[in-house]
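Engineer: Using the supplied hints, reconstruct the complex from the two chains, each of which is provided in its own coordinate frame.
Those protein sequences? They're chains A and B, same order as listed. For the first sequence, this note's numbering begins at 1 and goes up steadily by one. For the second sequence, this note's numbering begins at 1 and goes up steadily by one.
No wet-lab data here; the hints were simulated from the structure. Be careful, since some hints might not be right.
[As the list claims (entries may be wrong)] For lysine-lysine, the following DSSO-like pairs were computed, each having C-alpha atoms within a straight-line distance of at most 27 Å: (1) B:Lys20 x A:Lys351; (2) A:Lys243 x B:Lys74; (3) B:Lys20 x A:Lys357; (4) A:Lys356 x B:Lys49.
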Amino acid sequence: MSSGEAHVENSIWMRAVLMGSTFLVIGILAFATMGVGVANMRHHAYEEAVHEYDDAKHDYEEAKLSYENAKANNASTEEIEALKATKDALKDIKDDAHHHEVEAHLSYLTWRTAGITILLMCVTYASFIGLGGFVNSIQPEEDDSHGASSYGGDDHEHHGSASPIVFALGIMLFLMGFPEFQATLSDMLSGNEAELGGLGLSMFGLLVIVLGVSNWWREDLPFIGNGEQIATSAPFEGQHIRKAGLWVFIMSEIMVFATFFSSYLRMRTEWCTGWQVEAGNCEQVDMLTASDFLRPDGAELGGLGGQGDFMTLLPGAINTFALIVSSYTIVLALKTAKNANWEAPTGFMGKLMPTKKAAVRNYLLATLLLGSMFIVLKLIEWSHLVAEGFTIGTQAGSIFYISTGAHGLHVFIGLLVMLYLVFKADTVEFNEDNAQGIEYFGLYWHFVDLAWVVIFPAFYLY
Amino acid sequence: MGEHETHGIIENIFDGLLGKDIYFWNFIILMVFTLFEVAAVFFTGIPLKAVWAILIGVGIVKGYGISAYFMHLKGDPRIYTRTALFPVVFVILMLWGIGLSNPEGVTGLPAWCTPLSADYATNR
Numbered sequence: 001m002s003s004g005e006a007h008v009e010n011s012i013w014m015r016a017v018l019m020g021s022t023f024l025v026i027g028i029l030a031f032a033t034m035g036v037g038v039a040n041m042r043h044h045a046y047e048e049a050v051h052e053y054d055d056a057k058h059d060y061e062e063a064k065l066s067y068e069n070a071k072a073n074n075a076s077t078e079e080i081e082a083l084k085a086t087k088d089a090l091k092d093i094k095d096d097a098h099h100h101e102v103e104a105h106l107s108y109l110t111w112r113t114a115g116i117t118i119l120l121m122c123v124t125y126a127s128f129i130g131l132g133g134f135v136n137s138i139q140p141e142e143d144d145s146h147g148a149s150s151y152g153g154d155d156h157e158h159h160g161s162a163s164p165i166v167f168a169l170g171i172m173l174f175l176m177g178f179p180e181f182q183a184t185l186s187d188m189l190s191g192n193e194a195e196l197g198g199l200g201l202s203m204f205g206l207l208v209i210v211l212g213v214s215n216w217w218r219e220d221l222p223f224i225g226n227g228e229q230i231a232t233s234a235p236f237e238g239q240h241i242r243k244a245g246l247w248v249f250i251m252s253e254i255m256v257f258a259t260f261f262s263s264y265l266r267m268r269t270e271w272c273t274g275w276q277v278e279a280g281n282c283e284q285v286d287m288l289t290a291s292d293f294l295r296p297d298g299a300e301l302g303g304l305g306g307q308g309d310f311m312t313l314l315p316g317a318i319n320t321f322a323l324i325v326s327s328y329t330i331v332l333a334l335k336t337a338k339n340a341n342w343e344a345p346t347g348f349m350g351k352l353m354p355t356k357k358a359a360v361r362n363y364l365l366a367t368l369l370l371g372s373m374f375i376v377l378k379l380i381e382w383s384h385l386v387a388e389g390f391t392i393g394t395q396a397g398s399i400f401y402i403s404t405g406a407h408g409l410h411v412f413i414g415l416l417v418m419l420y421l422v423f424k425a426d427t428v429e430f431n432e433d434n435a436q437g438i439e440y441f442g443l444y445w446h447f448v449d450l451a452w453v454v455i456f457p458a459f460y461l462y
Numbered sequence: 001m002g003e004h005e006t007h008g009i010i011e012n013i014f015d016g017l018l019g020k021d022i023y024f025w026n027f028i029i030l031m032v033f034t035l036f037e038v039a040a041v042f043f044t045g046i047p048l049k050a051v052w053a054i055l056i057g058v059g060i061v062k063g064y065g066i067s068a069y070f071m072h073l074k075g076d077p078r079i080y081t082r083t084a085l086f087p088v089v090f091v092i093l094m095l096w097g098i099g100l101s102n103p104e105g106v107t108g109l110p111a112w113c114t115p116l117s118a119d120y121a122t123n124r
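Here chain B stands alone, though its shape is the one from the complex (with noise of 0.2 Å):
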């Protein structure tokens, strides 16, 4: 966190930007990227695919933010990193393996894997 140095092209524009650091720069980003995420569903004028565009989109900034200069991974040992990257291959795995490989969602699991709510997997 504050006391973390981190030295890219990122913080060398930011950091000491109108006096204010690099900690300052990357909430008010997150502030402003949050009303878009906001405003892209409030307005409904946006077509579908540019909310969605606008909803990762501001979701990868504001993942990178906090975990990059809010969790200092971007200034502390690469090890950190490695340790918070280390489950994403398990969660890639859960997002395409449960997540979306199986069109039928609930109603297509095996009964063995509702062994307490086989009704309420299958007769929605």
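So that you can see chain A by itself, here it is in the shape it has in the complex (with noise of 0.2 Å):
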């Protein structure tokens, strides 16, 4: 980080801690009640809806026999005609049974991944906060005698970070160990025996991104604006490098995205799928895509897909909209950030902003909700898919998955960096002169909802 620093004392980092607790409790009463008291309910009407269906599966089975026994035996015509629409009015009520046994199952499956989903992620955030925060409230106090700065006292020297290559090897050391993390972790919640030691060097590395990350918070919480690095050669000469940087780094993240578009339009100019039969440019649908599942005149392949209505497509569309309103809101929170001469609106909005400072941190705060909403609907929407059998095993679905999938982590990535905004909004205050850290993160932020822009058309509704 650059030099010119306020003096934050280490009490403030408790504030982290607390938080992080605040999270925590969120996410225990989360998974209380829709996670386990409103899925368990749920779950009891879905057996009960498995135990009708099975019951009028039995009676329309029952009834077809006698149909078709009265038939060979040469019955009446007025018997087989009764027994007929004894048979035909079993399987509507069958295929309604059915229909109510998927939708219970659905329903069940919205609140439990809901519960888990906010518990998963509210603990992430509880340790990422928390801990970043404890870390940093344990640190000497540092020895403010010489000026504001103490990374140096020339306010127009940079002195670099070692933060950033710290975190580097954190997140080098948890890919490293991931294969074999990721092998426990399936063993130990699939109750066969695990190899603890197989957790050792992901969790090293995610010790080592703490730490890294931590360090950069000490070091960008006291930065107040002064001493920003200006690049002194082309082609960014005179601009901010932090921006210039950030820039390129969304640059290779375009290329990663089309790395995903790409194959997807290879695997997909292969496949005739229901929008090719119904251009001409094939006869039998071979595979189904997201799409088939989700639109209301999805196609249907051996018994799956062709379920989607507007509840099914609802998540993905709610997720669109929720994406586009985080954009906006941190744009506000910018544009409150630097407006020198701003003032309290009146009304609701006045109670809800009083100050520039609560202003900033709660259109922040807006956009980590959003974007926890953006998760957890997305989970939930996978979750439905896979129970209609869109799993990741299939060809569509491997491809869908690792690029929503991609996208989503991107989504998760950017909220843990919008915690440390919202705390710092909460603490230090952002304002016209270090408001940049809001600005750099929206470029960013504004990039994830751009990747949307193509994957929501590409993946959902084509």
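Structural biologist: So this is what it looks like as structure tokens:
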């Protein structure tokens, strides 16, 4: 980070620990109410629906057998007609019962998945912000006797930071150990004997990540906007180095998402999907895409697909709106922070945002909530798709889950960064001098929104 | 983002309209176009080619709105736009060279492209 810093007392960091504890409480409460309370009720309803379907199926099969026997035994026409009418009526009842069973199952999955996802997200939030805050709160208090900066006295000189390198090293260690980490976790979850040593390298990587990030925060928190590094040579001469770096990063991210998209196109051009049949390019559907499960007129194949309606498309549609709204809230956070003549709004908004500090924090908090909602809805939608037979084991499923999962991961990483921004907004305060943090994070967040603009129609609608 | 001044025909129309700035109107336009996008697929009577046109058209408008105004490429120095456009060359190459040039898709990949999943690639 650059110099030109305010002094921040270590005790401030304890608020990060409190913030983490709050998230933990929210996660546990959400899990208890949604993931256990409501989900158990829905599971009970689902079990009843399964019994009703079994009964209806049994009645229908008996009626079908009676009808076929009557036909084989040359029964009277009236008797055969009566048996046929009964069979047809029972078939309708059976189909209704099946529909209710599927609905009840999806409803159960919705609540269960929501509860578990919120819990896991809140535990991650709590660990990330809580551990980072704790590590910084126990550091020796910095000597502030030589002026504003504790990283050097010169406000115009860049002193660099090792934190990104430590952070990158942590990621490398985590990924090196990830295959064993994942295998061990799978064994633990499936009740098999697991080698706990398999978790070691990745856990060490996570520890290094936390240390790197917490040190990065420690360097950034006191930053009051002086001494932002300026590029001195082409092509970014005169521009903020951090901003230029972020754009180069976004450039690389465009390439990453382009690889997913070109892979998808390559696979898709080969498949005979419902769209291709409708366009007259092939005759029989041989592949179901995610949109076949989500759209109202999705194609069917082997008893799968074609179940989509407004409700199945809803989570993806809500997510699209949520990302756009979150893009706007981050714009509002920056606008507010940059506005030296900001005045508190009147009415209800005035109560929400009585001060500039509260306004910036609440806009960021709104962005955090919308992003979190995006992840929860995405996992609910995935659980429904998997339950309906669209798994990662299918060709269309593999590219769908990898692409939308990579996007979801970007959203989640953005949310972790946002946690810190909320913390900074609540403690040091963003203003017209130090709002670069929001601006640069906003660029990343808008890019994530932009990627969704391509992913949503390509994978969910087409 | 919010603090960047832009001056053009669009900005002249929208900036200050009904007391709201360009970012607010950009947000509204994005929301409305997303509604078109979802509605195009939800209403099953719309012809296939029209749905295609709507999805692509809406994507272009939304992409422009986000990058030009929310990411403030329109008010920033040109170098940032050039940086953002630089990978487009590779994106076009990938979409055309990999995505669209081979009608056989994955089954047409040479074996060395799929060393770990030859069966997956050839026996769908």
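Engineer: Next step is simple, just say for each hint if it's right about the structure.
Structural biologist: Outcome of the hint check:
About 21 Å separates the Cα atoms of lysine 20 of chain B and lysine 351 of chain A, which keeps this hinted pair within 27 Å; it holds. With a C-alpha separation of about 15 Å, the suggested pairing of lysine 243 of chain A with lysine 74 of chain B holds against the 27 Å cut-off. The hinted pair formed by lysine 20 of chain B and lysine 357 of chain A meets the criterion: a straight-line CA distance of about 22 Å does not exceed 27 Å. Pair hint lysine 356 of chain A plus lysine 49 of chain B does not hold up; C-alpha atoms about 49 Å apart against a cutoff of 27 Å.
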